[in-house]
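Starting from the known structure of chain A, fit chain B onto it as the hints suggest.
Number of protein chains: 2
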Amino acid sequence: MAETTKIRFGFIGCAEIARKVSRAVALAPNAVLQAVGSRSFDKAHAFAAANGFPAGAKVYGSYEAVLDDPEVDAVYVPLPTSLHLRWAVLAASKKKHVMLEKPVALNVTEFDEIIAACESNGVQLMDGTMWMHHPRTSKMKEFLSDVNRFGQLKSISSNFTFTGSPDFLENDIRVKPDLDALGALGDEGWYCLRAILWVADYELPKTVIALRSPVHNQSGVLLACGATLYWEDGKVATFYCSFLANMTMDITALGTKGALHVHDFVIPYEEKEASFLAATESGFDEGVTKWINQPKPHVIKTDIPQEALMVNEFAHLVADIKFKNAKPEKKWPTISRKTQLVVDAVKASIDRGFEPVQLQE
Amino acid sequence: MAETTKIRFGFIGCAEIARKVSRAVALAPNAVLQAVGSRSFDKAHAFAAANGFPAGAKVYGSYEAVLDDPEVDAVYVPLPTSLHLRWAVLAASKKKHVMLEKPVALNVTEFDEIIAACESNGVQLMDGTMWMHHPRTSKMKEFLSDVNRFGQLKSISSNFTFTGSPDFLENDIRVKPDLDALGALGDEGWYCLRAILWVADYELPKTVIALRSPVHNQSGVLLACGATLYWEDGKVATFYCSFLANMTMDITALGTKGALHVHDFVIPYEEKEASFLAATESGFDEGVTKWINQPKPHVIKTDIPQEALMVNEFAHLVADIKFKNAKPEKKWPTISRKTQLVVDAVKASIDRGFEPVQLQE
Chain A
1 MAETTKIRFG FIGCAEIARK VSRAVALAPN AVLQAVGSRS FDKAHAFAAA NGFPAGAKVY
61 GSYEAVLDDP EVDAVYVPLP TSLHLRWAVL AASKKKHVML EKPVALNVTE FDEIIAACES
121 NGVQLMDGTM WMHHPRTSKM KEFLSDVNRF GQLKSISSNF TFTGSPDFLE NDIRVKPDLD
181 ALGALGDEGW YCLRAILWVA DYELPKTVIA LRSPVHNQSG VLLACGATLY WEDGKVATFY
241 CSFLANMTMD ITALGTKGAL HVHDFVIPYE EKEASFLAAT ESGFDEGVTK WINQPKPHVI
301 KTDIPQEALM VNEFAHLVAD IKFKNAKPEK KWPTISRKTQ LVVDAVKASI DRGFEPVQLQ
361 E
Chain B
1 MAETTKIRFG FIGCAEIARK VSRAVALAPN AVLQAVGSRS FDKAHAFAAA NGFPAGAKVY
61 GSYEAVLDDP EVDAVYVPLP TSLHLRWAVL AASKKKHVML EKPVALNVTE FDEIIAACES
121 NGVQLMDGTM WMHHPRTSKM KEFLSDVNRF GQLKSISSNF TFTGSPDFLE NDIRVKPDLD
181 ALGALGDEGW YCLRAILWVA DYELPKTVIA LRSPVHNQSG VLLACGATLY WEDGKVATFY
241 CSFLANMTMD ITALGTKGAL HVHDFVIPYE EKEASFLAAT ESGFDEGVTK WINQPKPHVI
301 KTDIPQEALM VNEFAHLVAD IKFKNAKPEK KWPTISRKTQ LVVDAVKASI DRGFEPVQLQ
361 E
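Protein chains in written order, with UniProt numbering: chain A, 1 to 361; chain B, 1 to 361.
So that you can see chain A by itself, here it is in the shape it has in the complex (with noise of 0.2 Å):
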């Protein structure tokens, strides 16, 4: 029966973006919601008859509950970030597969645990980074992977910005000291740090140094940073992110012989179609009246929103460990962590006065 080879996944919290996610594994082909959990029952019921779950699914007053479910394959984890360590380290244990929001810690050691847990057990690990699953994030690749078209990378910037609302900028758990301590740098300076890895082929930087005009809150939660990244081969990148400027997430890269533009990396303008501006080899005419080789949009079309391809691609590599003995995935983890050290480092620049922070592989 085809349904049994459907991943099951059961939720541990109930926090917005899960909204979003359990109508990804409703569209993807390979999932189904098993289950979710959360320390109220009712809100837990609620969320369940909100957001499609099958009338099968379970409903559970606790965490621990959905992780003893026999019959929860994987599990989706969109708690605070200070919680990750806890619930990804047991669900681990309890042989789930994990699927684990964005900042995945809230430093890089405590995602080493994280890690260590689920090889350990044998189970995979991704995070809930969108965009790295939309086809408009494999075209752009190509074309900065293409010497004759993008040649050798010189430059990457990125921002990524919302205005948080006065009720955001108060009550959000994402400015809050003891559930998403990273503020800014951790939820929307994730993507940046992500954006920028990826167009460097996930190269660490040698040195990154934190701008010094970052914005706290009264409770010390990062409200908006940035910082400029330096490799080794002169490569530089820089970013921006803030609760307080109006919504933008650009990714620029820069390359000897194209550039590439994009507005809306993180969350396309439209969920079935999205776009980038591609330029090569752009100069002027004779008369230097006008560019030739102008940026050229290209546009890219998707039945399947990207965080249900995210879904689908996570939920194959469990099957394929589930059905066929494969084994876990590193390249998940791998960048996970890759992301994690760089916004560390950020946040280790920014508590040193600005210094700069040297990375190792």
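Worth flagging that the hints you see were computed from the coordinates, not collected in a lab.
On a predicted model such as this, the values are computed, not experimentally measured, just so you know.
Ideal placement from N, C-alpha and C gives every residue a C-beta, glycine not left out.
Check the hints yourself; a few may be wrong.
Below 20 Å or equal to it, Euclidean Cα-Cα: the simulated SDA-like pairs (lysine to any residue) are [claimed, not checked]:
hint	chain 1	residue 1	chain 2	residue 2
1	B	Lys257	A	Tyr269
2	A	Lys272	B	Asp285
3	B	Lys290	A	Ser165
4	B	Lys206	A	Gly353
5	A	Lys290	B	Lys206
Pairwise CB distance ranges, derived in the manner of DEER restraints [said to hold, decoys possible]:
hint	chain 1	residue 1	chain 2	residue 2	range
6	B	His216	A	Arg39	31 to 37 Å
7	B	Gln358	A	Asp351	22 to 28 Å
8	A	Gly287	B	Asp233	39 to 45 Å
9	B	Asp167	A	Tyr202	35 to 41 Å
Which chain A residues face chain B? A few, computed with CB under 8 Å, are given here [what the hints assert, rightly or not]:
hint	residue
10	Thr161
11	Tyr202
12	Gly226
13	Tyr230
14	Thr248
15	Ile267
16	Ser282
Coordinates of chain B only, in the frame set by chain A:
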């Protein structure tokens, strides 16, 4: 006779950029090409013939002769930066109004001598930053100044890069230490810094720190560099310029309520129409599946190219002085000077090992 009210331009030097500006003078309704001088009479003659100088225009085998021509009202100075001080001061002393290519000088101390010469001789001074005069620029400024559409400015970034050919990188005056010693910083970086100051209403940053990735050629001239800029109120800006990456001309400005993107700010993709992207109060739909208030393109048409509008504006100011006894407009030398001040600060930060450089108004 209408003809006599036109401002008569003399060109000293036949640099590549002078071709474009001679066309601009011809297109401007209130200006006329009166004379051109070069160290070589033959070169000046060929230039005049190739660039639409009218039959009555004078051709000279020296720069001095242009400055001594009583029928020349204003001189355009496209000479290498190292010659600006000498020739701009001499032109002013001969009561010629001065349109000076950028960077206006090798440093602000030199430029202050030029300003003093122009002021004491009552002549207009304006630099050749063409994009300032495109109608798109004032439309973008309207958006940036609108508290309801853009809000409070938080962050600016600007890139200006192009890939210099092997010949450019070997022979162009912009890579020669005795000619344009500021290299990419004085050429491209000038535009980025002007753009940043323009967005910031010409408020100087308090601190400038160069990026730790400058590229110098064997003669010590900058081929690529950048910096981060900080204002007292927390605003931050970054810029990157390079002769070694595909042509890109970006301004990104982020405010509390809006965002602006433009990718061809220095020279628009097309001569007669240019656009920018503006967004206000962007966010997500209920299901976080798409953006609401997506960035919208604003298209601005112009029959007269930006360089002709620049000439027109300059000639208008000169005519007011010549015919109406007006005083020179200080706005233009003031913003030239501020741009040069920040160029100098970036250079100083590079030369001091990327130390922060403090600026004062």
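Legend entry - Status of the given 35 to 41 Å range, CB of Tyr202(A) versus CB of Asp167(B): Given a distance of about 36 Å, which is inside 35 to 41 Å, the answer is holds.
Inset, instruction - For the range 22 to 28 Å, tell me whether the beta carbons of Gln358(B) and Asp351(A) fit it or not. - result: For Asp351(A) against Gln358(B), whose Cβ atoms are near 24 Å apart, the range 22 to 28 Å holds.
Inset, instruction - Hold the hint about Thr248(A) up to the distance rule: shortest CB distance to chain B must be less than 8 Å. - result: Hint on Thr248(A): holds, closest Cβ of chain B at ~5 Å, below 8 Å.
Legend entry - Pair hint outcome, Lys272(A) versus Asp285(B) [Cα-Cα no greater than 20 Å]: Measuring from Cα to Cα gives roughly 14 Å; hence the hint holds.
Legend entry - Straight-line alpha-carbon gap Lys257(B) to Tyr269(A), limit 20 Å: Distance of about 18 Å is within 20 Å: holds.
Inset, instruction - Sort out whether Gly353(A) lies within 20 Å of Lys206(B), counting only the CA atoms. - result: holds, 17 Å
Legend entry - Proposed proximity, Lys206(B) with Lys290(A) (alpha carbon, max 20 Å): violated, 36 Å
Legend entry - Hinted contact Ile267(A) with chain B - closest CB pair below 8 Å: At 7 Å from the nearest chain B Cβ, Ile267(A) passes the 8 Å test, so the hint holds.
Inset, instruction - Identify whether the interface hint at Tyr230(A) stands, where standing means a beta carbon of chain B within less than 8 Å of its own. - result: holds, 6 Å
Legend entry - Proposed interface contact between Thr161(A) and chain B, which counts if any beta carbon pair is under 8 Å: Nearest chain B Cβ about 6 Å off; hint holds.
Inset, instruction - Return holds or violated for the Cβ distance of His216(B) and Arg39(A) against the range 31 to 37 Å. - result: violated, 60 Å
Legend entry - Satisfaction of the Gly226(A) interface hint, Cβ to chain B closer than 8 Å: holds, 7 Å
When the structure is compared with the earlier hints, violations turn up for hints 5, 6 and 11 and for no others.
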